Structure formats: structure tokens, C-alpha cells
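Protein chains in written order, with this note's numbering: chain V, 1 to 324; chain H, 1001 to 1299.
In case anyone wonders, no lab produced these hints; they're calculated from the structure. Among the hints, a few may not be true.
[Stated by the list, open to error] Far from chain V, by Cβ distances over 12 Å, these chain H residues were calculated:
(1) W1063
(2) R1065
(3) I1067
(4) T1068
(5) Y1072
(6) T1077
(7) S1078
(8) S1079
(9) V1089
(10) E1174
(11) P1176
(12) S1196
(13) L1201
(14) Q1231
(15) Q1263
[As the list claims (entries may be wrong)] Some chain H residues close to chain V (C-beta under 7 Å, calculated; not the full set):
(16) G1019
(17) N1026
(18) G1032
(19) G1034
(20) M1106
(21) I1136
(22) P1137
(23) I1141
(24) N1161
(25) V1215
(26) A1273
(27) T1274
Just so we're clear, the structure is a prediction, and the values are computed from it rather than from any experiment. Don't be surprised by glycine CBs; every beta carbon is placed ideally from N, CA and C.
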Amino acid sequence: MTATVETVVTPPPREPRGPSRPSRRNLVQDIVRFRWLFFLMLPGIAYFLIFRFWPMYGAQIAFRNYVPFLGIEGSEWVGWEHFADFFSNPDFPRLLANTLIIAGLTLFIAFPATIVMALLLNELRLNILKRTVQTLVYIPHFLSWTVVVSLTGLLFAVGNGPLWTFLNDLLGTQTNFMADPAWFRPLILLQEIWKNTGWGTIIFLAALAGVDQEQYEAAIIDGAGRWQRVRFITIPSIMSTIIVLLILQTGQILNTGFEQIYLMSNALNRSVADVFDTYVYFTGIQQGAYSYSTAVGLAKAIVGLILIFGTNWIAKRFNQAGIF
Amino acid sequence: MAAIRKNNRVKYRFNTPAGKVFDVVNIVLLVGIGTLAILPFLYVFAGSLATELEITTRPFFLWPREITTAAYESILTSSVFVRAFVTTVVVTLVGTMIQLALTALMAYPLAKVDLPGRRTIMALVVFTMVFSAGMIPTFLIVKELGLLDSYWALILPMAINPFSLIIIKNFFQELPKELEESARIDGANELRILSSVVLPLSKPVLATFALFYAVGIWNDYMSPLLYLNDQNKWTLQMILRQVTASASLSPDDLNTEVPPPAQGIKFAVVMVATIPVLLAYPFLQKHFAKGMLIGSVKG
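This is chain V alone, in the form it adopts within the complex:
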């Protein structure tokens, strides 16, 4: 065994590599030499091919009239028809607005809230207290959306939910918050903040821990106050982390989080609750309009891709480190 490996491992002197690709013999030799490593990777590669790339091939049904009986290749081509249908659908402006509003709330309220919270935690000197608070605020991240939505339902339960009682007493109303379209977005945002703000601070706290302490010492000697230190040292130091996360978030902007929205939507708040993700589910899985809903999903994914490259490009133009 060892002997064979030995003979293969010692490569014969290689021909000098020109501008052309390595010759086929090198490829074969490489495969033989690394055969164990390739062998270990096989299940993983199979996974990516089957569950990640095969669907990408299958996404061509967005341009066909997919009939399960005929299969993908057997179904006839219809070009951009499904896309045109979707963009001219009266539901489209509403879906777009709902999706963008929910995404905007996350991006402009939940995301800054994470940064503010990380900064506040960073100013906490008592280490035990800091760690206790961190432990507590991370917990909600690990609960499922079903649990979060159920908790919301129990807290806002008509008649006996603590928050239902409290808010209605405060406002002098009898609102059913879970079914009222006006309350859908505030509740979604609240859930998002409750579930993920604490968790989001991890990466910022790590970035903050890496800030050079001598900068603070120098600033203090120059007479900088606490706020000035935050403004001129802390925030600029974590700017690149903020930018990278912002780019990633922007790419996800149209992925409103299927589970949360789906679980929170009901017959009464449909007008504000329908987003691209839930629409794909209802038209595709429930109504069987496979080609049409694939086109919707594809349009969404491509816009997401453009957004991620777009924000990355903008970040680079402003001399910030992007992700690519």
C-alpha cells in the first residue's frame, strides 16, 4: 500500500507550463495522486450536484409549460411568457411593495439596532453582567419560527393575552393584533428584533474586541470624551464589518423569510402579508402552477444576485472592502 503511494507521490519532472492549460497527463496524475481526497469528497459533491445544481438546471421550466408527465425536456418552450404574466399580474405591485417594506424595516431598523446593541454591550465594563446579558439575548435565535409565532399568539391572544390586555388598555381599543393588517408589519419587525438582534451582535463584538486599545489611550490623552471615542475610533474600526454584513443583507433583501411570514399570515391580513416567497408557495405547491411560480422565484433570485453585486460594487467605489 505504502509502496504504491510512494511511487505515485514522487512526480516525474514536469514539463514547463506555458500559457496553455496543464496537459491531460497532469490531470490524470493529479486525480491518481489525490484519489483518496477526491473519494472523501464524493458524497459532498453529489449533494451539491443533486440538491443545489440540478434544481438550477430544472429552473428552465420557467421558460416552458411544464407538464410533469412530459418531463422537463418534453415540455414545450414558451419563452418569457410566465415572466410577462407575472409582471402584468395585478398582484405584482402589491407583492413588490409588501416585500420591499418588510425588507426595508429589517435593513433600516433591525440591522442598525444590532449595531447599537453591540456598541452598548461593548461599553459595559462589568464582565459578568456583559456575559449574562449576552447569554440571555442569544437564546431567542435558537427558537423556531413556529415557537416565536406561537409565543406572539399567546401574548396577543384576544381576551387574555398579557400584551393584548396591556396595549388595548393603553390605546383604549379592542384590537385583535394578530388579525389586524395595520399590526402585521410592527409584529413582524418586533419578532425579527426579538429573535435575531442579540445573535447579530456576536460578529460586531468580535470586531470590537479586535480594535487596538492604544488608539483609545491616545485619544484619552488628547482629551477625547466617551462619545468622541465611539464616534472617531470604535465606529470607523468596525465599518468594514458593517459594510460586509450590509452587502450580504442587501442580497437577501427579497428573501423575506418564508417561515415567519407564512406562519404570521392569515385570511385577514393577506393584503399586507403576501410576499414573493409565500406567493411562490401558494401558486406553485398549492395550485400546481409550477412553471409560473418557478419564473417568479427565478426573477426574485436574479434581482437578489444583482443587488449583492451592485452593493458590492458601490462599496468598492467608496473605497470600502467589499466581499468579492
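Assemble the complex: chain V is given as a structure, and chain H must be docked to it using the hints.
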């Protein structure tokens, strides 16, 4: 300067009165936030042990006047619930092992800098993080593979999380090369190096991602919703949804003939769906901050 730095307190030496006020406000604020993070949960815990009368008459409490385990008894004697619980546990355990094994097996070769094709494979993996074909094509593949109504549909389509793969790969890459080389000189092949050198050294990071995978499967609602039509196969999250939503007005609930369950049962079901995650949390917390950051910062 040296004198100030002696006890490493330099940045607090020059605090203004305003700074002290800020400290107090900050502490109060963060303690408040920390409390709010678990308060809903404590309320539901109290509610799950309270009588039906107390739940419907007292708006808020963290300690029931009269403790009863009636709600837990009724869900633990329900065959539907117990079956869902047991299958969810089994699917979570089996699924986690499969997912972790596949991820580690792929991460190890990718950690070898001289592996041919490594950059291409990594680029393709990253590509799947920013672009995916979407719900319907994936659903059709799962259907075509005959996995509908099979528990494999809850495990295989998410077998490797690209993010976890990259972090584990980076962790492997950081391990001292000398250990592997000496094992190789002793005649170990790649499989042997992986199992006897690399994996034992990576226990903390693997434990972290095992728990992430486990929490992911345990909490998953979308996969069972998409792939399990047979109600007898529903997982805990699906049952939880059915139990807690049955008093709200959603169209799929209106046609269920089951009477809305008592409030106490809803509280208890939420608890049971959460407790295993909370039990895993201390183990998870020990490692995740470190585990998450290894590699993710360096890219």
C-alpha cells in the same frame, strides 16, 4: 503613562460625570433588554403549569397560584403528539450525523491547499450561497427522487450548509501541518489522518456545528410543510403550529373539525418544542462564539 497602564484601566480614568450617568443608564437598559429576551418564555412556562382558570383570568404572571401538570399529562398521553415527538428526535439525531459527516468529509480535502480543482469547487459552493434555483425546482427534484412523504426529505436537501462547510474547512486549514506530516511519515493514509488526527483535534468546532445542524432540523417547519403530506408523519413543529393556530383565523384552520385546544395545552406544547433546544444551548454557547468566528472573519 506606564503608571496608568499598570492595572490596564486607562480608558476609565478620565470619566466625566456624564460618562457615569451613561454607565448607569446603559446597565439598566441592557439588563432590561436581557430580561425582555426571555420574559415571553418565562410567561409561557408559568402558563404551562397554571390552571385553565388562571390563564383566562389573570393577564400576566410568572408564578402560577396553583401548579398543575394537567396540560403536560394530556399532551404526553396523546398518541399523535408522542409519535411526533419521537420521530422528530430520531430524525434530528440521524440527520445531524449524516449532515455533519458529509460536511466534514468535504471540508477536509478542500482544506488541502494543493488539491487540484479546489478553487473551482469553492467558487461553486459560494455561488450556491448567493443564488439558488428556488423552492419549486427543489421541490420537483425531491419529488422526482421519490422522497415525498419520506423523512429523508427533511435531511438530504439540506445535507451541507455551505457556510458551515467553509468555516469547518478554514478550521482544518489552520491546524498545524506538522501533525499531519508526521502521521503521513508513519504511513497513515488520508482516511487515517482524518479520523485519527484531524477530527479529534476539531472536536469543539464539530460539536458546535453538530448542534447547529440539530437545531436546524429540530426547528425546521418549511421542509415538513413542503414534503410531508401525510399527517401521520408530521413533525413536532407542524403539530405545534396546528395546536397553537387553531384558535386564530387562518383558512386552513377553519376546516379542521377538532375543537380548539385548551389554552394550557398550547403553552405546554410550546414548552416541549423548545426544551430540547434550551437543553442543548449551554453546550452550544460554550463554543459557538469561537466556532463561528474561526474562519468567518478571515474568509
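Results for each hint:
1. The Cβ of W1063/H sits about 14 Å from the closest Cβ of chain V, beyond the 12 Å cut-off, so the non-interface label holds.
2. Every CB of chain V is more than 12 Å from the CB of R1065/H (nearest about 15 Å), matching its label as outside the interface.
3. For I1067/H, the shortest C-beta to C-beta distance to chain V comes to about 19 Å, beyond the 12 Å cut-off, and the non-interface label holds.
4. Non-interface status of T1068/H relative to chain V is upheld: no Cβ of that chain comes within 12 Å, the nearest being about 17 Å off.
5. Listed as a non-interface residue, Y1072/H keeps its Cβ farther than 12 Å from every Cβ of chain V; the least gap is roughly 16 Å.
6. The claim that T1077/H is not at the interface with chain V holds, since no C-beta of that chain comes within 12 Å of its own (minimum 21 Å).
7. Annotated as non-interface, S1078/H keeps its C-beta farther than 12 Å from every C-beta of chain V; the closest such distance is 17 Å.
8. Against chain V, the non-interface label of S1079/H holds: every CB pair exceeds 12 Å, the least being about 21 Å.
9. The claim that V1089/H is not at the interface with chain V holds, since no C-beta of that chain comes within 12 Å of its own (minimum 15 Å).
10. Every CB of chain V lies more than 12 Å from the CB of E1174/H, the least distance being 16 Å, so the non-interface label holds.
11. The claim that P1176/H is not at the interface with chain V holds, since no C-beta of that chain comes within 12 Å of its own (minimum 19 Å).
12. In this structure S1196/H is separated from chain V by more than 12 Å, as the shortest Cβ-Cβ distance comes to about 14 Å.
13. Every C-beta of chain V lies more than 12 Å from that of L1201/H, the closest at about 17 Å, which supports listing it as non-interface.
14. Chain V leaves Q1231/H outside its interface by the beta-carbon criterion, the shortest separation being 16 Å against a cut-off of 12 Å.
15. Its beta-carbon lying about 7 Å from the closest one in chain V, Q1263/H breaks the requirement of being farther than 12 Å from that chain.
16. At a threshold of 7 Å, the smallest CB-CB gap from G1019/H to chain V is about 5 Å, leaving the interface hint in force.
17. Taking 7 Å as the C-beta contact cut-off toward chain V, the hint placing N1026/H at the interface holds, the least distance being around 6 Å.
18. Given the 7 Å rule on beta carbons, the hint for G1032/H is violated: about 10 Å separates it from the nearest Cβ of chain V.
19. Among the interface hints, the one on G1034/H holds; its C-beta lies about 4 Å from the nearest C-beta in chain V, closer than the 7 Å criterion.
20. At a threshold of 7 Å, the smallest CB-CB gap from M1106/H to chain V is about 3 Å, leaving the interface hint in force.
21. The closest approach between the C-beta of I1136/H and any C-beta of chain V is roughly 4 Å, which is under the 7 Å cut-off, so the hint is satisfied.
22. The interface hint given for P1137/H holds, since its Cβ lies 4 Å from the closest Cβ of chain V, which is under the 7 Å cut-off.
23. Restraint check, I1141/H versus chain V: the minimum CB separation of about 5 Å is within 7 Å; hint holds.
24. A distance limit of 7 Å between C-beta atoms decides the matter here; for N1161/H the minimum to chain V is near 11 Å, and the interface restraint is violated.
25. The criterion of a C-beta within 7 Å of any C-beta in chain V is met by V1215/H, whose closest approach is roughly 6 Å, and the hint holds.
26. Interface hint status for A1273/H: upheld, as the beta-carbon distance to the closest one in chain V is roughly 6 Å, under 7 Å.
27. This hint holds: T1274/H has a C-beta 5 Å from the nearest C-beta of chain V, less than the 7 Å allowed.
Hint violations for this structure: numbers 15, 18 and 24, all remaining hints satisfied.
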